[in-house]
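A.B. asks: The primary structure of each chain is shown beneath.
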Amino acid sequence: MPTFILVAFLVATVVFVLLSLPGIEYLFVAGYIVVQYVVLATAWNILGGYTGYVNFGSAAFFAIGAYSSVALITFGTQLEDLLPESLASPLSLIFPLPIPVLILVSGAVSGLVGFGMGYLTLRLRGAFFAIATLALAVVLQTLVVNWDFVGGSSGAYVVRPSDFYGLTGYIQYLFGLMLALAVGAISVARAIERSRLGYGFAAIRDDELAAEASGAPTLRLKLIATTLSGALMGMAGAPFPYYIGFLQPQSAFGLEYAVNSIAMPMIGGTMSWIGPLIGAILLGTLQQVANVTISSAVNLLIVGLLLIGFVIVAPNGIVGLVQERLRARRTK
Amino acid sequence: MDFTLLINAIIAGLLIGGFYAAVTAGISISFGMLDIVNIAHPAFIILGSYIAYIVNIKLGIDPIIVSIIMLPAFYALGDAIYRIYYQSFEKRGAESLRGLAFFFGVLFVTEVVLILAFGVDYRYVEAAYIGPTLSFSFVDLPLRILVPFLVSLALFGALQLFISRTFTGRAILAVSQDQGALALMAADPIRIKRIAFGVSIATAAVAGALLIILQPVEPSVGREYIGRVFAICVLGGLGSLPGTLIAALLIGVVESITATFYGPSWAPAVSFGFLLLTLAFRPSGLLGR
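Which chain is which? The protein sequence lines are H and W, in order. According to this note's numbering, the first sequence is numbered sequentially starting from 1. According to this note's numbering, the second sequence is numbered sequentially starting from 333.
Read the hints as simulated data drawn from the structure, not as lab findings. Just so it is clear, CB atoms sit at the ideal spot from N, CA and C, and this is done for glycine as well. It cannot be assumed that every hint is accurate.
[To be verified] Label pairs and their calculated CB-CB ranges: (1) Ile-389(W) / Asp-207(H): 47 to 57 Å; (2) Tyr-119(H) / Ile-447(W): 32 to 42 Å; (3) Leu-338(W) / Glu-212(H): 45 to 55 Å; (4) Met-517(W) / Ala-213(H): 44 to 54 Å; (5) Ala-460(W) / Glu-212(H): 35 to 45 Å; (6) Glu-85(H) / Asp-453(W): 49 to 59 Å; (7) Met-517(W) / Thr-285(H): 51 to 61 Å; (8) Gly-116(H) / Ala-449(W): 33 to 43 Å; (9) Val-7(H) / Ala-515(W): 21 to 31 Å; (10) Pro-404(W) / Glu-212(H): 38 to 48 Å.
Here chain W stands alone, though its shape is the one from the complex (with noise of 0.2 Å):
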């Protein structure tokens, strides 16, 4: 095993993970605490990266500076989107079945329109940082995976903060273990899932503008992430934002070994592996309760 090829792909394996820290953060809100199973939270990155593209394209804005104007649509989107999961499925008690049929027919509905829309044709923004690269002796940092990383780790800091930090952020905690409890507390469990669902959504336009930053995106690139994000919303414990960011960086690494000495066309498995392993011998996961 070649010690350079050994360091530079732990390295890649680190950044990148750190992105998907960010794609993964918005599962662990809705899947890890508030138990709605998401499987459209991917779709709604490609949506973001659509978004980055065509303002950068149109006005040659910076797809970051793009996906954070889009904040508060996209948590206006995932508030709109909770209000009808609510409405239809959890109050009839009806979230398991229903409810995931109701997810997958978004994901698949965003899919097929950006398809309408743009074609399956690979889109990419522009912005200085794509396209040089650091070099520390044999080290390479691309500055195009390298920004990702940091706005990751950023964004994850911030939500960490929020979650920990603020009475609005602990209530999604608290609503999380008991819905019930909280209702007794006189907050309204129902607000506080409403808005913990528009915070999942919103992270997924800066998750969108980092992966289109990272690599050219087309509709269905998003099902790739799914087995992903899940693996690792998983591996790390559900509900745990630092178990999540450790999973994360831990299967970036094992994914850039793999593609590294095997092919790139095998890393796609090892998510799927981690998830059934994890599945199979620790269910709750790294830093689970």
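Excised from the complex, chain H in its bound form (with noise of 0.2 Å):
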């Protein structure tokens, strides 16, 4: 474990030289997108692939995880209105809070939120869970807009802090933090396959009666599966004001995101952490490209004709389709 660890941050590391190599900006907005729905791609397949659970709700959770961010920076702005000057000066010390911290903040809360809509829907069917996550992104959308604090239906500008922390700029250190991100959304979704609790999972996947007739405390399960992914899908929303610069609902509440988190796992494959890796690299990298060449609307079309082939055609996706062709070369 700790070899894959470090080998993932070589990786990232070189990753990282390479695209600051040309000396080019735009590679690293472009590549902050990508990189975002790799953590996305992982942590929605932490819960539908691992155990079959369909979460509809991406975009909620991203947006969960981006208005915490506003909410604390704002917070941190109006010190001074909202609270007694005792309290106001040292809080003013530790205000703005670093990206890092509102990560974890975001995550908090979004796992929270996760764990909560786990427990009241996840005992009845599976469906149940799939429409909740949906109806949970409009109300939170509806909460969001009539929430003055955060911008409400007008949106909120964020300022930039001003250090990176001896980077070159300061697209370049929240690309940094993504990576991170996205490599420990990695080595979580590798180390529960390889666990008790990946078992558990693909015993709930395989045949929910049958692992709860065998004893597995399948409820409990669940929850931690969608605890845990809602919680990343809610820390890759935490530093998006600041890539974003002016946070609308629409764009949080985006339905890019939830396609694209149920889409890339489905075409990379969902059996294992590489497919939503492989599925979000190329799908997110094809979106980047078709983005600037031809249109926003076409290459979401293209992503959700993709998305119906792939469910119909290849049901394991990438990694099953080279899978199937290793096993028919061995056999031969």
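Assembly of the complex is requested from the two constituent chains, each provided in isolation within its own frame, with the hints serving as guidance.
C.D. replies: Written out as structure tokens, the structure reads:
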């Protein structure tokens, strides 16, 4: 396990260095989105791929992360107005909070929401969870639109802090953070796969009744999965306000997050950690290119059609196709 | 609380609730009876709205008549989708994860295609009953809402008769209870499910026409309805059409009161609240089995 994390960090460092070589800042701007999708797809797969419970509300969890950050940032700028002098002055030393702290707080908040959703719906048939996550996105958007403290429907401006810890620019700092988050998410996913937890998840996915009958604590396992998956999605959303500079409910709750975080693991392959990684890098890069060269609506259409095509023709994704090919060659 | 305002809110809620019943009827059949989680249903409703819109603008035909003409086409669409769904997912026993992703993809593709074809502008239709309002002392009944309400009730009555009186309808109820037993009675459960799914998509044609009479439509309007229709379906009790109607009226009234007294931007939260409360306290719904 430690070797894996070490190798993953090495790969991440190489990616970072390679991207900074041409000296084009846009590579980081586009790369950030791709790496963000790596985190989202991996997070989705921990619940969807390992336990077989579909979450349509990735956008909601992502937005919870983003808006937790906005709330904390806004709170930091209005300390004097919101709190008495005696409290405001010591707090002004730690505000604005550094982004890693925002990531942790956002992770905690969205993990809690994931837990609550799971607790209410996972004792019932699987489809209820999926439907509840769909509805959650609409309702959270309603709450945010009505919540003036974080900008309401008109959105909130976020001023980027001036220091970025010795890196050449702020976007490089954000990209580096997201890269570290991706390494963390993938390590967690891989560790789960090889643990008792992972076997429990797989048992639920294959036959929940049989898992329950053989003594697997299915509800507890499912709650661990929803909490972990929700927390990671929220963490992916936490730096987003600083990335975008101006956060509106429509952009934080964008349908493309929900679609991509399902399509990427499905297209890559849901059985192991490498599937979402492959799917996110392929689809994410494809979309960044299509965004620049064609249009954003067309590239979403491509994602939708790929998703439908893959679930019908190649149910185990690219990883499944490769494995089949290898097996066929071996038997020849 | 203003009494006149309250009465008007309740009446408007009942009318809108009747319309919600038409929107949910298809889900009641597909999700409630066939166990097919067709989250793409609202997208088909929007498709129905746009077809009603095009024909209405180009040829000036009444949207409700258009939707009735479109029924066979939507039935065929549902039939085709069920064939794909059965071959690719149900037969392989992979309906939970991949079947859901499939419908999500269909929802998404339909929406994006509509955006590419028509843009994100709001579209509306023209008909004689859009505009005038019937007034009885202090109660206002806009025809724009009253007509969809009446058509919904007619659609709902027809569906209930079909399900409870015809052989095929009863076979649909039977397939929702025990598929294996139906096969023993020498009825093909797959064929029955295909017919039922076709009927459920056909209702989307009518619901779509009613939606665009009621309000201007743009491609992503359907998303608001996803949470609402499933909330109504679960609250009413899976597989119960009368339960669906009661639940639809109830949610319509509560949403309308919320919108009147707390502002329309809070209304979408109502159905979600109902959904969570139902799931937590009475998962079998009001009239569930």
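A.B. asks: Does each hint hold? Answer for all of them.
C.D. replies: Hint check results:
1. Ile-389(W) / Asp-207(H): 47 to 57 Å: 53 Å, holds
2. Tyr-119(H) / Ile-447(W): 32 to 42 Å: Holds, since Tyr-119(H) and Ile-447(W) (Cβ atoms, about 36 Å apart) stay within the stated range.
3. Leu-338(W) / Glu-212(H): 45 to 55 Å: Since the Cβ atoms of Leu-338(W) and Glu-212(H) sit about 49 Å apart, the hinted range of 45 to 55 Å holds.
4. Met-517(W) / Ala-213(H): 44 to 54 Å: 31 Å, violated
5. Ala-460(W) / Glu-212(H): 35 to 45 Å: 59 Å, violated
6. Glu-85(H) / Asp-453(W): 49 to 59 Å: Given range 49 to 59 Å: holds, Cβ gap about 52 Å.
7. Met-517(W) / Thr-285(H): 51 to 61 Å: Roughly 54 Å apart at Cβ, these two residues keep to the hinted range, so it holds.
8. Gly-116(H) / Ala-449(W): 33 to 43 Å: 40 Å, holds
9. Val-7(H) / Ala-515(W): 21 to 31 Å: 54 Å, violated
10. Pro-404(W) / Glu-212(H): 38 to 48 Å: Between Pro-404(W) and Glu-212(H), where Cβ atoms are some 45 Å apart, the hint holds.
Violated hints for the displayed structure, listed by number in ascending order: 4, 5, 9.
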